[in-house]
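For the record, the sequence lines run as chains P and G. Quick note, the first sequence lines up with residues 1 to 260 if you use the UniProt record's numbering. Quick note, the second sequence lines up with residues 1 to 212 if you use the UniProt record's numbering.
For the record, the hints were derived by calculation from the structure and aren't laboratory data. Predicted model only: the values in this text are computed from it and were never measured. If a hint is listed, it holds; no wrong ones were tucked in.
Quick list of the computed label-pair ranges, beta carbon to beta carbon:
| # | chain 1 | residue 1 | chain 2 | residue 2 | range |
| --- | --- | --- | --- | --- | --- |
| 1 | G | Asp189 | P | Ala241 | 29 to 39 Å |
| 2 | G | Gln32 | P | Gln51 | 47 to 57 Å |
| 3 | G | Gln198 | P | Asn149 | 44 to 54 Å |
Lysine-lysine pairs mimicking DSS-like chemistry, simulated, CA-CA at most 27 Å apart:
| # | chain 1 | residue 1 | chain 2 | residue 2 |
| --- | --- | --- | --- | --- |
| 4 | G | Lys174 | G | Lys188 |
| 5 | P | Lys114 | P | Lys103 |
| 6 | G | Lys42 | P | Lys251 |
| 7 | P | Lys76 | P | Lys66 |
| 8 | P | Lys103 | P | Lys76 |
| 9 | P | Lys103 | P | Lys121 |
| 10 | G | Lys101 | P | Lys251 |
| 11 | G | Lys188 | P | Lys66 |
| 12 | G | Lys210 | P | Lys251 |
| 13 | P | Lys251 | G | Lys188 |
| 14 | P | Lys121 | P | Lys76 |
All C-beta atoms in this analysis are idealised placements derived from N, C-alpha and C, irrespective of residue type, glycine included.
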Amino acid sequence: MSLTQADIRSFEQVRQRLVTTQQSLDLLRSKLINPQNREELDPLPPWPSLQESANSFVRNMDDLQKIMESSQELFKTAHAYPHATFPGTTFEGNLILARLLRKRVEPDVEAWIKEHTEDTKVQQWDQHRETGLQQDEQQRLLTYAGEENARVLEELVTKGAMDFDYTLAEYEEGVGKVRTGLKRKLPKKLRNPAADEDEDDEDDEDEEDSEDEDEEMEDVMPEAPVKLSALNDVKGLIPGAYAMRLDDVLKFVTMGARPT
Amino acid sequence: MHEVALFSQVAQARHGRLLQTLAGVIGAQPTQYAHQHVLVNKDRLVHDLHRPVDVQQGVSTASGAWQARIASLPEPGSPEAIFSQVQELASINNSDYEYDKVVGHHYIDGHRFVQGNVILTIYRIFATNTPLPSTSEILLMSPPYSASQLTHLDPSGAYVVEAIVRIENGTDLKFADLARKELFAFCKDYLQGVITFQVPDRFAMDTRVKGG
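Throw the hints in and build the complete structure from the sequences for me.
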């Protein structure tokens, strides 16, 4: 019984996935142990790059798992057998052959698999599959994130990043030319520091605007496309019913054929 | 002329949201589309006589004259879309069809969008809960049925989605190709993720009358 084209393709896909997975894993590993990270700053590379590598590895593993799953039967029953012309009698040939045909995993890998597939561990994983992090870990993460966020924001605000209404480029070009997309003239609320120096700021906003700061905004409802019609009251609906097959529906409108 | 078509279905719960999404994506509100259809057997082929109507609880009215649509069995060799020859008559003489046997009577209620050459119709079908008259005369002459005489064809309330591009001269490969391209660009690229279209079995749209 020889392999079909589809089988060969499945094997090839797995092989490619394994290669890319191995590469991404190597990349991650090199990032972690590479001495080129300057020791004064941080023994670790910047976290976005770590995150990226980790993600790409996970993605690869995911793809690999999908491919394995799709050809489960094939992989379970496939059996490697050396061709008659393979030099199995030479020393090197024998070595290669042994390595290729080996089905048993290395002892430490075997121990690792055993440890992580025992029932209690599996149960734990199943329980926490939804959340990922434990409750207390989540809490710690959120607290840390909140504090860190506040710190970063505070720094930005004290340095005046939130004071400007327009970007530097827009100030250079001329504030009057900015496309804001606004259709109404808003009352000038804050005087921005940069505007005072900018000659081109011949405002299109009225200086003597005495309108209320908070204008009433008109709510414009789009015309509802589904009008109330008598047809909404027609009987015959069964809640939770499956939709009729498209072919049957088309048969009815084309030929009047009632579905059986 | 010829028509290239793709179809889909959408559940009742999604219908309202879908219309809004399409209105946003296409950039225009849909138009109402409500037609009464009477299918007659003329010369072993099903002719679809239809007219725009306004269905009410009490008295329904017709808002247009009867038109006829005569479609051929969709052509083979077109796995990616339904491709069929269609003849449309903008008006008919009742006398031409009066004595022909009625094979179907239903109402289509929906909305229509147009984007370029693609006509997108989203509709639900109502069947009648009374037996069909034998000849079409009475149906052609009477006002349309009222809502109380109708029943949902699909008990789940699902809507049919239909996307069609028409070609004046479908025998010219160049135009048939252009039409297909435009349909696919609209259905598969532009509306990707919004509606997933499918190609039904062409024999589900076979207008040839079987039997003796």
